[in-house]
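**Student:** In case you want the letters, here they are:
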Amino acid sequence: MANELLFFMEVLVGGLLAGTMYSLVALGFVLIFKASATFNFSQGAMVFFSVLAFCGFMQDFNIPFVLAFILAAFLMVVVGLCTERLVLRPLMNASEDTVLMATIGLGYVLEGLAQAAWGVEVRRLDLGIGDFPVPWIADNLKLFISALDITAGLVAAIMIIGLFLLFKYTKIGLGLRAVADDAGAASSIGIPLKHIMLLVWSAAGVVALVAGMMWGARAGVQFALVDLALKALPVLIIGGFSSIPGAIIGGLIIGAVEKILEVYIGPFFGGAIEGWAPYVLAIFFLLYRPEGLFGEKIIRRV
Amino acid sequence: MSGNSVNILDIKNIEVMYDNVILALHDVSLKVPKGKVVALLGANGAGKSTTLKAVSTMLASERGKVTKGSIDYDGNLIEKQNPSQMVGLGMVQVLEGRRCFGHLTVEENIISGAYSRKLSKGDIDQELEKIYTYFLRLKERRKSQAAFTSGGEQQMIAVARAMMAKPKMLLLDEPTMGLAPQLVAEIFNIVKELNQKEGVSILLAEQNTNIALKNSDYGYIIETGKVMLEGTAESLLNNDKVKELYLGISKKGRKNFRDVLKEESLNKKIN
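Taken in sequence, the protein lines are chains A and B. My numbering puts the last residue of the first sequence at 302; the count rises by one with no breaks. My numbering puts the last residue of the second sequence at 1271; the count rises by one with no breaks.
For the record, the hints were derived by calculation from the structure and aren't laboratory data. Note that the structure is predicted; figures quoted are calculated from it, not measured. Incorrect hints may have been included.
The calculated lysine-lysine pairs, modelled on DSS-like cross-linking and capped at a C-alpha distance of 27 Å, are [to be verified]: (1) B/K1168 with B/K1118; (2) B/K1192 with B/K1166; (3) A/K171 with B/K1143; (4) B/K1118 with A/K194; (5) A/K194 with B/K1121; (6) A/K194 with B/K1080.
Chain B with its partners taken away, still in its complex shape:
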């Protein structure tokens, strides 16, 4: 694999264990093409966050480990790196639950994202102004303490902070969790804009299947640590199984993916 391949991220058959005993991912493979938005979908506990943390190497701090498979990011094999080295390579994860620095002001939060870059005061101000063009709302609140801003604003702070590191790739973990529909749309607009104008590749973990797919190029659905289905965003949106299981457009009651597959194979046998 080299840096000029079409995929910025190439995960091959990884298995992840926590505390050496708890198997969180069985077999996950996925690719993120350069400059594209890829959605990683699934329910709580499916392994979305674990997959993202395996890529950003944040797993180690939770006593997790990639035990099989390989992760190739922009020509680098991810093995023993630490998160700050990954940030140096241009990959930044926006953690689940926003995780702003509550006692810092909004602006200090955003500036902290540039910590890994050697910038002068003037450069930082310039970068800051550029970031504010995407996050107008934050500019108005730049002097407020981050803990007192709204959930939507905190999510924007987290993304703006990550953008200050000038990433080539962003890993977004449930950016719309607990937000009102209007804010969900606003966040996704910003993400789309960052992707198109700044050329950032994005891997996005979401439970909000519908809006995530509408804003992505490609999607993967994982369940209990395995990739169950993948395809272009459009094909997934029109897939009957996805409609039934994840978009709530169903004739019968709720099922999980495995049940559907089982039913299918049964039907095949009968036929």
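Only chain A is shown next, with the shape it has when bound in the complex:
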């Protein structure tokens, strides 16, 4: 009995921590969705592009870890700058659908650029954190929890607190929240949309880099990272497209639910339900709570 409970706890905690990795990817989507009301289809490509560049700096040029991270983050700011100037500004007054299509195109450009610059083979990324159970926790709590999962959880927590402080207490954060509420009114009082766009795209780029590092360390830095973006979709549907806490909690829910279902219900379906169970959950949310758990409801006075 005690062993069963322990096993359940292990599945749950492992799932929650794996879920923070989904949260990290979803976070990038939320940032851009808030500012431009567009689902950024190139987020997956940004993850791939940024982490491949990071690996390239480290492995091809022997640049030390910290410097390589700074360079890759800087590169993502440059990508944000180019995106604002070359894609978003010319489409400034276009419809949201047009911008959505543009992000799909941008995704292909980034994938192509990344592979042209750094090659197509799968790279190993060693962060110096093993993907194996932490002995101390295993000994004392009898839970087998991966060190990489714990790191991902901590990193996600730090990024969320950082972004929260940025949005709540800085001038540009206020600008972003204003644009998210009503872009037209924001521009009427002189909030320059291009600064806000640059901010969110750069922030989304850095978030993509961090998410890519975590995933790359687990699964190898490879093209398949692009498809990770798809896993963010049920996360966003559950959490709400415009909510940062929603992205986090949505990720945790998806992580935990898919692991628990896999272990306890999976055998009835012949296993491997991890892949599609989150989408089923997402469909239920679309039916009964389309704005997600934390999505901003449209507030109407009565």
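Start from chain A and add chain B according to the hints.
**Tutor:** Here is chain B on its own, set in the frame of chain A:
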């Protein structure tokens, strides 16, 4: 035109098109003297909002364009500027329908108006206190989420937010739309006060002809994208045609301005 001319805004014969095909303004000319309140009157769809947006350059975001004529604001020819540059030049538009940032608090809404100015935290607090002297009601509600305030309060937020940009000129688009008469009076009192104490020039688009003219120095009446009549506020208030068409003081049924002019010319021919 130079910055020291008597008019802060001088619109000459502008024509505005949406999507390159829909002609919204045919021929609008108007002047706003420095430090005065000018009312732009007319029914729905007459072109009031379009005129204001042509001035504030908000037209571009609705795929509209000034295709003829010129707009001179404080010595600057308005051509390729964007709204944030216009705010930098001291012109702020308060959009129709208030357009508050619903998820922000009242105070955050007002502070957001100072975005274009480089102010320290202390300066912002000082400005905020000054703004609150005009909008006492907002001070009580400073911590509420803007979406949950009343329509009148939201209109005050929109004006207070615009004032935080320290404008030389305000463009107000139907500030009293959907408000109770008492609130309409309160809003106009504030507008008058801002005009007199802060020296802000105001161009005001309104459907509420009577109260707008009572609070303005000069008025223009536009219909289907053309200026039909202009004059001092007093002369318009006493004008028979205006009385009949816009103030509802009439012997016969409702007519529009064109019909009245047609009737007049017919009468002239007969005589």
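**Student:** Would you mind marking each hint as holding or not holding in the structure?
**Tutor:** Structure-based check of each hint:
no.: 1; hint: B/K1168 with B/K1118; in the structure: holds, 17 Å
no.: 2; hint: B/K1192 with B/K1166; in the structure: holds, 16 Å
no.: 3; hint: A/K171 with B/K1143; in the structure: holds, 18 Å
no.: 4; hint: B/K1118 with A/K194; in the structure: holds, 18 Å
no.: 5; hint: A/K194 with B/K1121; in the structure: holds, 24 Å
no.: 6; hint: A/K194 with B/K1080; in the structure: holds, 16 Å
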